[in-house]
Structures are given as structure tokens and as C-alpha cells.
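Turn these sequences into a full structure, and let the hints steer you where they fit.
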Amino acid sequence: MSELPFAISLEVGSSLANRTGSWRVERPRYVDRLPPCNDACPAGENVQRWLYLAEEGSYEEAWRALVEDNPMPAIMGRVCYRPCETACNRAHLDEAVGINAVERFLGDLAIDRGWRLPEPAPDGGARVLVVGGGPGGLSAAYHLRRLGHRVRLVDSSAALGGMMRYGIPKYRLPRSALEAEVARIAAMGVDVELGTPVHDLAAAMRDGGFDAAVLAVGAQLAHRAYIPAGDSARVLDAVALLRSMEGEAPPSLGRRVVVYGGGDTAMDAARTARRLGASDAIVVYRRTKERMPAHAVEVEEAAEEGVAMKWLSTITQMEAGRLVLEKMVLDEHGFPQPTGELEVLQADSVVLALGQDTDLSLVGGLDDVAVRDGALEVDDGLMTGHPGIFGVGDATNAERTVTTAVGQGKKAARAVDAWLAGTPLERPVRHQLASFELLNTWYYDDAPKTMRGRLEPARRTGTFDEVEAGLDESDALFEARRCLSCGNCFECDNCFGVCPDNAVIKLGPNERYEFDYDYCKGCGICAQECPCGAIVMEPEGI
Amino acid sequence: MTPGQPVRFFQVGSFAAGNRLLAPEMRTVQSDATRANSLTSGHRACQGCGEALGARYVLDTAMRATGGRLIAVNATGCLEVFTTPYPETSWRVPWLHSLFANAASVATGVAATLDAQGRNEVRVLAQAGDGGTVDIGFAALSGLFERNDDVLYVCYDNQAYMNTGVQRSGATPPAARTATTEALGPEPGNPFGQGKNLPLIAMAHNIPYVATATVAELHDLEAKVLKAMTMHGARYLHVLVPCPLGWGSAPAATIELARLAKESGLFAVFEAERGEVTASSSIRHQVPVEAYLRPQSRYRHLFDDTGAVLRPDIVGRLQALADANIARFDLLKSAS
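For the record, the sequence lines run as chains R and F.
For what it's worth, this note's numbering labels the leading residue of the first sequence as 1, then goes sequentially.
For what it's worth, this note's numbering labels the leading residue of the second sequence as 1001, then goes sequentially.
One or more of the hints may lead you astray.
To be verified - Stretches of chain R that chain F covers, calculated by requiring three or more beta carbons in the stretch to come under 8 Å of a beta carbon on chain F:
1. 241-247
2. 386-395
3. 485-498
4. 503-510
5. 527-537
Unchecked claim - Some chain F residues flagged as far from chain R (calculated, every beta-carbon gap over 12 Å):
6. R1064
7. F1138
8. H1205
9. L1226
10. T1278
11. R1284
Everything labelled a hint here was simulated from the structure, so no lab data went into it.
Model, not experiment: these values are computed from the prediction.
We put the CB at the ideal spot given by N, CA and C, even for glycine.
This is the structure we're talking about:
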């Protein structure tokens, strides 16, 4: 012991000689877990990451983190069906975080401020043909360009966008947002060729000298069903109706319009009919509301706009001015069965929205490309049976949403890149899911969701103006800050604060923390009190 | 459009020690990498000790409030034993221990000496466990209050004499099993109707400031220490510090139990000045008392092996105590 001043018996902080870490039977460890929003996102966005950046008001960085995965946030912030919000843990507390609204805010801000997408990697020399300029094709083209490949994007239509332009009505997706985000991708040096249908893929690849191809041809053909129809019955399909809204003169539908089908396209057709002047738009569907494939938000908005629904009904005959419906009942398997009970419904026109099929005649000459149930068969890496030919989006049997197509476009681009390099496709390690039970929600304040404004229903039916409004900055910031950061440290200092043994070392901003195992007794308070479930206790090795 | 909402900073980790969205000076002392660590590593407290945590919270805050000009006087008890086994000490503040009963008197003497020396900028803090406060040191403490000496006296209440083997103290709650109140007979554990509520006794002395706090709400605890250090005269702070050993609880559950004590209403968190209650902390998510009792083996005799209530009569009486606190201190008002 050294010389101590008068009356001082022990040296300051001398207990540091006592390494209490030797008491430990369990040790804490910091982990990262997969947040449910990220897990649910079909586009593979790192939602939590860009919300984290947005929380600080670093909007450009947030947008940059977003476009790492999805180059079209302004579109996504309008048309996505938000599986992230369905999965959000905050829903167990008050309401899910309004992720989609923040995404739209960032997307619109980027357009406003003219932020540019990241520069492509140096040219690797490979040439890739992308067939189809919808969300899947655009996403593939973007990610291929970023990986340094030369891309030619061909589409049979006069403008890019695919079903985002020719299928999604303007009141859901204003064309200004679409144009801006599509143009931004094209400006990355994508060689775009419009009005060019590809009839023979093998020939197109040979003639153009392409090393690989991504098929993103979508599902553009209206599914047909045989319904006896009188000569003068006015029958058209929903795909043609929605497509005709883009440019050409809209068809005349009359005052009473019946839409047959229960999907999102049926809702879009009925809502479009209302806007075209139909006083009555009636959706006829053979099963019940609960079993409709349409997303709830679409059904709700359609109902607000005065669209009527007729459940458990099929159309058995169509004549001029009237339809014959048959009532159905659901059997024990949930399938509709006819009852023989008939009913007459007045209708000036009938719009069929019975699903869409894919035109895959372009691969007709390629025997090794398999087509099953009208969809391209692809492997885990989205490659067809023909080496170097990949398929994405509606043309495969993936879920038919814009978001899924965007995610598949990214995945296909990475698969093409790996295939060209002759390396196996690397799959990121998926962390364990950050489920709600892992959180300590005491630490979060109550903060209900910010509601997005919607156009008054009475004003909607007369116009194609956008229905849902965006958030202003303070609302978007509020919403971003409702994120719980499930499963990933957000540097709240709680572990550092609650350790009775000062055994947590704070490393500074963005560097997180470290345990001091010399003194950690393994009590587990840090893990118990971590708000976001980013600490685990593990048995100590002997 | 919805009207713009004011941007608030506490949605993320609102109640946590820190918050990266807040200006550093608005975060807790404990979130500061340069905090004093008045009670440093290597101490011999049990795993998950609430008292070690509470003492560091209080002293680090007092160190910040005084710019490091602080002298701490300690009564005998766990805190003294586990921090200073000869030849080591965990203290990084000037620290003085004399006897079990006389911490208040020694603190009075230190304050008087500093005053005589004209060093009024150096502040005095006395600290003790519940035994050293409500039983053994009570006379000296009452004298300190009566004289209104310039000392902040802090009681870390773990509700029994823990380091000598969990004997009952005047602060042990009803029905709790201790080594001297066994869980036997028709009324197992500590009898109802006894014990001392020292915050109320302190208020009866009309001293400038009395407050209660728990280790579960750091922001609240630090605010009370900071406030106490802006005042002079006798001040009393009573901090609930769960004890895994004596309460028979998991070491990891220390903060959770302190939280449940407050959220059930069994432990009222409030402030009083000159004998009048001036503020109380509302319950955020009320829980029945059994949620607090069940994880502690000192109350095991109230539940069967499946966790079902075995003695609804006793649990009911404890709930009545919580309800009385809620009414008395207005603990269910909505947070403003």
C-alpha cells in the first residue's frame, strides 16, 4: 500500500482489484435481430434503418438507405399494401408505425430536391436484356446498372411503368410521381426501347448479343370465363378499361355498371367507373367479403365512394341492360356452391375482373423454360430452366403486387450478377426475428399514429385526384420516431445506466457499447431492461 | 392534411437512460460516459443489487450538482460492508463511516465543521439502509431534522436487514417472510399494522424537502436529487431498492420489481415540501399487487405452485394498502 494522506485509510476506487467477473454464470451479449417490418417487406427494404435515419431528420441519408433496395419510394409510399405495418410490433402497443407514409414523404422529398440515385459500378462488360418496363423490370434494370452491367430495357408499350401506369388508377398513383421515379432509373444509363414487343426471346438475345435476360413481362391478359351473353350485352374487361384510362378516350360504361370479381383490380375498376360518371357501381363476387382477395384498404375506400358489393353471387347470363345472378353458398371447404336461386340485376355494362394471365409466347422456342399454370417456373435464384434467363414478378407465380415485383427485380439482378461471375448466389444471413415478447415496452411513451388525410368521398368520385394525402415534415418525423427499433440497439444508454457494476462501456455515437467482462457479474438486468431486445444472456463457458 | 403535430423527442426510448435525439444536457447523468461513477466496479454486492445501483444514481447526480464538492457519510449496513472490505474501497467520493446508529450525527458534525471553516460550497450527504434509518439511527436522524442541519439524508430501503441474514426491520412490509418473521401460522410473515413510514415521519418534522423514488425511474430519481441539492437545510430522500437475496427474486428482476412496486401503488412516489405533498408520480400501467408479489419468494406462502393465489385474504389486505396509497397520493391521475 502506498503512503496515504492523513486519515485516509483506503485508496480511491481500490476495489478495481477485485475482478467480480469471476462470479458470472451467465454472460450478456449484444445481438442484432431481424425487425418484423424488414422481415415482412417483399422488396427487402431495411425499413428500420431508414426510419432510424429519418428520426434524426437526416432525410437524404434515410432516402439513400431506402433506395439501396427500392428505387421507387414515392410510388411504393402510395401503392404498397404495407405488409410491414401489418407486422409492426408497435401495433401491440397502440398502432403500427405509419411506415408507408414516411416512405412516401421521403420519396416525394427526393423528387422535390432532385436527389440522384447512386452511381453505377464500373462497367463490367456484360450485357443484360430486361423484357418489360414494369416494377420488376425497372427494379432489375436499376440493380443491374448499380452492379456495373449494361442493360437494355424493352417494353411493348409507349411508356415505361407497366401495370403501375396501365393498371393502377391515377387517384392511387399520380403520374407525376411515377414519371419522376421511372425517369430517374432510366437516367442511370439504361438503354430503353419502347413500343417493341419481344416475340422470340432466343432470337432477341442472339441478335442483341446479350449474356443474360430478365423476363418481367407481367400478367396483362384478362382471364376469360365463359358466360352466355346476348348479342347486345355490353361486356368489357377490367384490364382494358384501366389501360384505356391512360391516354385514349375512356369507354362509355353507362349509369349502372357491374364489376365481376373480388380482387384489387375489381375494386379499381369499380372506383374508376364511379369517376367516369356511373351512378351505380356494383361489385359482384361469388364468395364472401372475408374471402375476397382484394386488400382491405381498397374495399374500404371503394365502399366510401359508394361502390356497392353483392356477395355470394355468380353471373349466369348477360343480356342488354340486365344480368341474371345465381345465389351461392359456401361449402365446408369455403368453396361457393350454386343454389339454383336466380335473381335479375339491371346493368348497362359489365366489367370482368376475373384475374390476369401472362403471355409467355416469347419463350415458346426455348424448351428448357418451363411454364406451369401459365407462370414461368423459376428456381430459388429466380432462374428458369434455361441458364441465364431469369423471371420476376407477375410472370412467375409470385404474389402479384408492385412491392413483390420490385423485390424480385433486385433478387434477379443479384442472381444474374452471380451467374455471370460463375459464383454461387450469396444469401445474407437472416437474424432471429425480433418478436414483441423480446421488447421491454415500458421505456416507450404512448404515441398514437398520425392519420393521413383522405380526400372527402363526395369529392373523389368526380375526379381522378389522389385520394390519400401525404404527411408534412413534422408529422413524418413524429411517425418515424414512433419506431421501437425492435431487435437492434438504438443507443438509449439504458444498459450503461442500469448496470449495478459499471460493467458496460459506452463507446460513443454510432459505436454502441461493450461489456466489461472483468466486472460483469452476469445479473442480467441489462438484458431485462433493454427496450428493444438487443441483449441475450448465455451460459458462461467453463 | 392533419395539422402539424409538435415534434416530441421522447417517443424513442422515452424512459430510458439516454436518448440520442435529446441534447446531451437533457439526458440523465447516468447516460453520460463521464459520470462520476462514485461507486465503482469491484464492489461485493450480490448480483443485481438494487442498493448498489441506487447509491450510484444518487451520488453521481449529487456529484454533478455540486461539481464534485461532496462528502458522503455512511451508516453501517450492506452498502458500507460491500463497498469497503479492507483493504479495498469502491468509493470515488470523500466517504466516512463511523457506526450503525450515528450517520445522521456524523453528517451534522461534518456540516458544522465545513460551516466553521467557511467552506459552505462543500455539501454533505448521509446515506444508510432502512435498518440504519428507521430503527437503529432513528433518534439521530430525527435530531438532524429537528435542527434542520444542512444535510441530504438518503435511505436506500430494501425492507429488511439484508447483510446480516435478512432479519425484519421497521420498514419490512406486512406478510413478507424474513428470518425473524417466518411464514408460519395463520398470519405468516411480518404482521400487519406495524412498521414505520419514514417519508411521512420526516414530513412531520416540517423539513424543507422530502421525496421518495425507486431505481426503476432514473429520470425522476435524478431530478429529485438535483432539486434537493438546490436547497439547504435537512432534506430526506427515500429510495426503494429491491434486494434479490432478501426478496427472493431473480437478479435480473431488480428494476422490474421496483417498477411493479410503484405501478401497483404499494410504493407511492411523491415529493413534499415543508410537510405538504407537492407532487406525486402517476401510475402509468396499473397492475394488481399480486403481479408484484408473485415473483418474490418472500411472499411465496401467498401463492400455490402454479402461481394461483392461496391466501386471497392476505393479498386482499395488501391490495387495500395499495388502494389507500393510490387515493392518498392521487396516483391514478392522468399524466399531464
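For each hint, the structure was consulted:
With 0 residues having a Cβ less than 8 Å from any Cβ of chain F, the region 241-247 of chain R misses the three-residue criterion, and the hint is violated. Only when three residues or more bring their CB closer than 8 Å to a CB of chain F does the claim for the region 386-395 of chain R stand; here the count is 0, and the claim is violated. Only residues whose beta carbon comes within less than 8 Å of a beta carbon in chain F count, and the region 485-498 of chain R has 9; three or more means the coverage holds. Counting residues of the region 503-510 of chain R whose beta carbon lies closer than 8 Å to any beta carbon of chain F gives 4, which reaches the threshold of three, so the coverage claim holds.
Under a criterion of three residues with beta carbons nearer than 8 Å to beta carbons of chain F, the stated coverage of the region 527-537 of chain R is upheld, 5 such residues being counted. The Cβ of R1064 of chain F sits about 14 Å from the closest Cβ of chain R, beyond the 12 Å cut-off, so the non-interface label holds. Chain R leaves F1138 of chain F outside its interface by the beta-carbon criterion, the shortest separation being 28 Å against a cut-off of 12 Å. Its beta-carbon lying about 32 Å from the closest one in chain R, H1205 of chain F satisfies the requirement of being farther than 12 Å from that chain.
Against chain R, the non-interface label of L1226 of chain F holds: every CB pair exceeds 12 Å, the least being about 16 Å. The Cβ of T1278 of chain F sits about 24 Å from the closest Cβ of chain R, beyond the 12 Å cut-off, so the non-interface label holds. A Cβ of chain R approaches the Cβ of R1284 of chain F within 12 Å, the least distance being about 8 Å, so the stated non-interface status is violated.
Checked against the numbered hints above, the structure breaks hints 1, 2 and 11 and satisfies the rest.
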